[in-house]
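Based on the sequences and whatever the hints tell you, model everything.
Residue numbers (this note's numbering), protein chains in the order written: chain S, 1 to 344; chain U, 345 to 688.
These are calculated hints, taken from the structure and not from any lab test. Since this is a predicted model, take the numbers as computed values, not measurements. We treat Cβ as the ideally placed atom computed from N, Cα and C, and that holds for glycine. Among the clues, some could well be false.
[What the hints assert, rightly or not] Facing chain U, from chain S, some residues (calculated, C-beta under 7 Å):
1. Leu129
2. Glu130
3. Val133
4. His239
5. Leu281
Number of protein chains: 2
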Amino acid sequence: MLPELRTPYLLFLGGESRLTFAKTASGIAQWCPERVAGQLRFPGNTLDLGVMDLTVAEAVDAGVGSLVIGVAPVGGAIGAEWVDVLLEAATAGVDIVNGLHHRLENVPGLSAAAAASGSALVNVRVPPLELPVGDGRKRSGRRLLTVGTDCAAGKKYTALSLSRALVARGVNATFRATGQTGIMIAGAGIPIDSVPGDFISGAAETISPDNTPDHWDVIEGQGSLFNASYAGVSLGLLHGSQPDAIVVCHEAGKTHIDSCHDLRLPSLAECIDLNLACARLTNPSVRCVGISINTSGLKASERHAYLQRMQQDIGLPCIDPILQGCEAIVEELLEVPPTEVGAA
Amino acid sequence: MLPELRTPYLLFLGGESRLTFAKTASGIAQWCPERVAGQLRFPGNTLDLGVMDLTVAEAVDAGVGSLVIGVAPVGGAIGAEWVDVLLEAATAGVDIVNGLHHRLENVPGLSAAAAASGSALVNVRVPPLELPVGDGRKRSGRRLLTVGTDCAAGKKYTALSLSRALVARGVNATFRATGQTGIMIAGAGIPIDSVPGDFISGAAETISPDNTPDHWDVIEGQGSLFNASYAGVSLGLLHGSQPDAIVVCHEAGKTHIDSCHDLRLPSLAECIDLNLACARLTNPSVRCVGISINTSGLKASERHAYLQRMQQDIGLPCIDPILQGCEAIVEELLEVPPTEVGAA
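Take a look at the structure:
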């Protein structure tokens, strides 16, 4: 498994002023402000996550554990203009945490600086080397997986929101991360989309190990069974997670798959049916407990009516987690009988 | 893509006398004897592939291009007792071809020996670094993919048998390899089970590129949608292959999935239905053209009756390719109308 990430974090933004390219930093600041000491912006950068501005020296004084690269340029390369800051931090004993495809070891001098100070270079996108092949063994404890009609449908947001709502209700629950931003938020996890094919379901089994019977793992989904670019990852994650419950995530108004030529989005019913049919392989008692829909693309006046209409059509709670929170799905989830769960 | 493998091959058996651990060598000797110059066995090894015994020196004189490691010990490590032979071959300018998980570069001295002579060290199990993400674009030409009720169901054998039968009928057809032995037989391909999850369908798209409208790619399947260890690979391969036709492979009498706890094998009808449902995502006109069954576990007197009964139940050609060849499936395949194929 990934080493536990050292907190608190210094969120590195560099010169990136567009929020859409700083989703990692903003996700961390939103979901785990208690892990964040501050942000490091280059002079003139107006993007502000609402946390303290710190230089590397100030961050060291504040006891920062890791500098987290919080931006993701197109192409996934480490910016040449970041190198001085990374070297300064590694030299000062601060771990560097990187979710980009490019590896920190390729930055000239960085490995030597880290070795000299004893700091760690953590490439979150690189999966652990020793992963098992999945074996489908039924594990103790309960599991919920978010799935989607496509990528970027709110699977991470929904899983985080659900796990927070469960914990707030006194339920024993843990968010399980499967992507780089989720891993930085949770401080642990496996980047499932980088795992070699033969080990995808085994990695998923590793992410949500045996637990107490009352415990819920709330697992961050990836891709979609209907996205022809990434469906293999989605299926391996579904099988390895052996969920007792799934939540389907969707973006209102979207009609086609992101990365694929002319591929139409499935209906919510199609998406529920195929996910349940495939999930039954490792958990015959799986059920869908709700639909989480990003309605931000609709007119404000139409959002609630749209959700109500969907809920009537599907017969399950349909919520926008940003608009309404996840309580309705939590209610449905807590109806899942414990006797049925666990009987495989 | 993998570099074209240099022929002819010297098949290295070492001290391995059990055919079941020498399937790579025996598969190559069976399917492409024209690529094989001879075998190299340690003294006392009685396993015989029916080809000439050659020392490394004799192989060099015979113009051998590659020494192929034709055995796969449990654990996938390169035997310490092989090192002298590997070094001798690499020093003499012979390429070394390895399908094990362990890499040739880890054999002390081998990289230096190869560099000095200009020979190549080819780890067939290592996928190319630069693979695209799949985009689902409809490609020209036609495609058949073998799928299975489980692993080890005859998907490679059936694909090879079908491609040979098609070529023998004068059809423009190519076997496309997705596993290490298939790659050594074909001399090209991608080990799809080692590709990182995000690139599985993209690798599959790369394996069967655009072709002339009359051309059939016959693609070696991997795993099974019903094997919870490997189904992610199977789904990505299915989507990326965008097959016009599938052939379901099965082992008669098998009741449970190999690598998974208590998971029952699907029925042939279940296997056809789920594969077609998933395949329609990238090729709505996909159809199943036959069933290929390994009946070697049945009593000799029952094999033909079993196949006939299956054929009546399913309503498609059901053949054992070792017993009968693949002609019946080829007949069905050639009925696939070209106008329908290609209409996505």
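Outcome of the hint check:
1. Leu129: This interface hint is violated because 11 Å lies over the 7 Å limit.
2. Glu130: violated, 12 Å
3. Val133: It holds, given that the least Cβ distance between Val133/S and chain U is near 5 Å, below 7 Å.
4. His239: With Cβ-Cβ at 4 Å, under 7 Å, it holds.
5. Leu281: With a minimum Cβ separation of about 6 Å from chain U (threshold 7 Å), the hint on Leu281/S holds.
Of the hints listed earlier, those the structure fails to meet are numbers 1 and 2, in rising order.
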